[in-house]
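With the hints as a guide, dock the two chains, each given alone in a separate frame, to form the complex.
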Amino acid sequence: MLQATQLECRRGDRLLFSGLDFEVDAGTLLHVRGRNGSGKTTLLRTLCGLYSQDSGEIRWKGVPTRRLAEDYRRELMYFGHLNGIKGDLTGIENLRLSATLDGDAADSDAIWEALGRIGLFGFEDLPTRMLSQGQKKRVALARLILSRAPLWILDEPFTALDMDAVDLLQGLIADHVAGGGMTVLTTHQAVPLTSGQARHLDLGR
Amino acid sequence: MLRVFWSLLHRDLLLAMRRRTDVLTTLFFFVIVVSLFPLGVGTETQTLRILGPGVVWVAALLASMLALERLFAADYEDGTLEQMLLTDQPLPLLVLAKVTAHWLLTGLPLVLIAPLVGMQYRLSDTEIGVMMLALLLGTPVLSLIGAIGAALTLGLRGGGILLSLLILPLYIPVLVYGAGAVEVSAVDLADTRPYLMLLGAFLLSALALAPPASSVALRISIQ
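Protein chains in written order, with the numbering used here: chain G, 1 to 205; chain S, 1001 to 1223.
The set of hints was computed from the structure by calculation and includes no laboratory data.
Fair warning: there could be bad hints in the mix.
[Claimed, not checked] Computed footprint of chain S on chain G, listed as stretches where at least three residues anywhere in the stretch have a Cβ under 8 Å from a Cβ of chain S: (1) 39-50; (2) 78-86.
[Said to hold, decoys possible] With a Cα cut of at most 20 Å, we get these calculated EDC-like pairs of lysine to aspartate or glutamate: (3) G/136 / G/164; (4) G/136 / G/125; (5) G/136 / S/1077; (6) G/61 / G/25; (7) G/61 / G/75; (8) G/136 / S/1082; (9) G/61 / S/1077; (10) G/61 / G/23; (11) G/136 / G/156; (12) G/136 / G/113; (13) G/136 / S/1078; (14) G/136 / G/88.
Even glycine gets a Cβ: it sits at the ideal position worked out from N, Cα and C.
In isolation and in its complexed conformation, chain S is listed as follows (with noise of 0.2 Å):
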């Protein structure tokens, strides 16, 4: 079983390793998004300091939106995902492994760069530590919850845009834990620990319930 998820995950990072612009796509939407507000702001340190975390959370989601609607419809497209389905092989693992797949391609980067993003919204050390703990967290949920909506919107016409009126309602605890959680550690007393906790807990609860979720989805997209 194990064999079959490595399988896949490793199909999915072959398959973007050999179309990288996918992937490059989504980073440099995020760092543009980014960017775009102390342009638009002014630079008063003070300014970004308050904007930094939100700013941050709001252009990961929906960087993490932009990748969700091929998540599930290329293997459409050419039939693989039929396939899949007449396996014997459990479905939620199936999509579990393209979820990885998915986050490992689109979240993880954002993890990694946020130093970056942090330094140009002039956040302290500990703050950025807070953000990447925070995405680290955070991002694997919106891979996860996504998926259930891109299997529910999977071969419809238009459906990138209801896929994001489904979706992003549903991302609102991880911003505000997210975001509160950098917020809270820039001051000195106070403890982040319960937003990091809290993020935790969305995690789990996301990689239980998602997987069958989606796979339900799938079953009644592809009739």
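Isolated chain G (complex conformation) (with noise of 0.2 Å):
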């Protein structure tokens, strides 16, 4: 389903991998590996198409991602670094926004039952920067419950969440990859990836 070939990709005058090859198939799990400065955020933000890569393609479903443009978008999660939610925000209006732009189903009983999956009752009506660091990053997470998209590529999604939630997003991911989802991700936890397929990219090598 995804496909990359001979992908090289420079930031400034660094090579960070070149000639790297990998296909993620439907209902796998890819976890890319590597030291740090290896190029790993790089790889997935290169795939999500927000940097464009030096050289080689990348395929979804056989077509150029560059070319599908928001087709490729609207199967696409991507959880980054940053949470991408406004702090003076509630969690609640931080969701429904992101699911309206998402093209997710955006009805109130969805939104509120994923905040209280995620174990955010009680906090729905704060700004999310009243918010502690996990806390913020839990709210973020809860755009994977409404997220119907096919593809997810999360980027140390693990960092800052207590047991509780870590366990949570497991389930989460191997729910997505026993689904027929796809999930590419970094993590430098040792945390066991039961689901489905997993297979190992090893970068900086």
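Given below as structure tokens:
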């Protein structure tokens, strides 16, 4: 489904990786590993289309993603280092807007349920800037519950989360992959990724 | 698609209401700059009436510049901008929603306070009317053109100064015809219509060209 051929990326003058080939099929999880600075975030942002690669091609269902443009972005959920939530808005308001933008089912019940599942009942009326780092991350993660995108690209999703939230996120990823979804993620934590077929990609060798 | 436009517009207005100081800063800046001139050049009616239109327009340009830097910067810093770039919604539409919010918060208040400012400069009722109309047509152009500059300078150090250097020259046509319309309206026989129509033409072209241009600039800036 998602296929990269001979991918090469540079940041400034530095070559991060070149000649990278990999494939992510339905029901697979790709764990990207590598030292700090080996280009994991760059790879993930390139897969999303936020960065453009210096050479090589990324294909989604056989078609170059650049040609697909918004048809590809519709199928994609990206979770980056920045939470992408507004500090002056409450959790509910944040989720409602991102659901509208993502074109997901945005009815209030689903949003309330997502917030409850992520463990933020009682905090829904607070501006998210009043929340702790981990709680902010939880608000952002609630987007995954609402998402219907088949491809999840998650950059260090486990940082700042407590044990419960890590378990919950693992469960979400497992369900997603078991349901035929695809996940590309990076993490330094020794999180057992039990879900479906897990493959590894090592950068910076 | 319209729902996305409204949602984003509503979000930006809501955010501004929760941070009211940002909106008031622009308005007070405009009022103070405009009020400084009579103090500097004296209160002679004849001088003020000549200076008035130009001063009001220059102050409007500067006031609209003031808030421009933050147009995309806040969304860039907290990651909401990259999420916007990754949705399947047309980016020009999202940009237009943000620019509309920017204009409602910084441009429209200037239009509404114009009569008060006009009185300071002893402008006649006709002149004030024309000034409001010209500002109503001209200030959205400032926001639209400014969005291109704000998108281009996003994430740059010292982007604010660069933004002014890029954008202020592009504001010149609006300044010339905006101030021109008010000056002409002081003469009984003169017709202000061509000036206002030209401003309207600027507005339409900016509406058509600025959102796509800003979208491209945003995609480049986020690299």
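Taking the hints in turn, this is what the structure says about them:
{"no.": "1", "hint": "39-50", "in the structure": "holds (count 3)"}
{"no.": "2", "hint": "78-86", "in the structure": "holds (count 8)"}
{"no.": "3", "hint": "G/136 / G/164", "in the structure": "15 Å, holds"}
{"no.": "4", "hint": "G/136 / G/125", "in the structure": "13 Å, holds"}
{"no.": "5", "hint": "G/136 / S/1077", "in the structure": "15 Å, holds"}
{"no.": "6", "hint": "G/61 / G/25", "in the structure": "10 Å, holds"}
{"no.": "7", "hint": "G/61 / G/75", "in the structure": "11 Å, holds"}
{"no.": "8", "hint": "G/136 / S/1082", "in the structure": "17 Å, holds"}
{"no.": "9", "hint": "G/61 / S/1077", "in the structure": "33 Å, violated"}
{"no.": "10", "hint": "G/61 / G/23", "in the structure": "11 Å, holds"}
{"no.": "11", "hint": "G/136 / G/156", "in the structure": "15 Å, holds"}
{"no.": "12", "hint": "G/136 / G/113", "in the structure": "17 Å, holds"}
{"no.": "13", "hint": "G/136 / S/1078", "in the structure": "11 Å, holds"}
{"no.": "14", "hint": "G/136 / G/88", "in the structure": "12 Å, holds"}
Of the hints listed earlier, the one the structure fails to meet is number 9.
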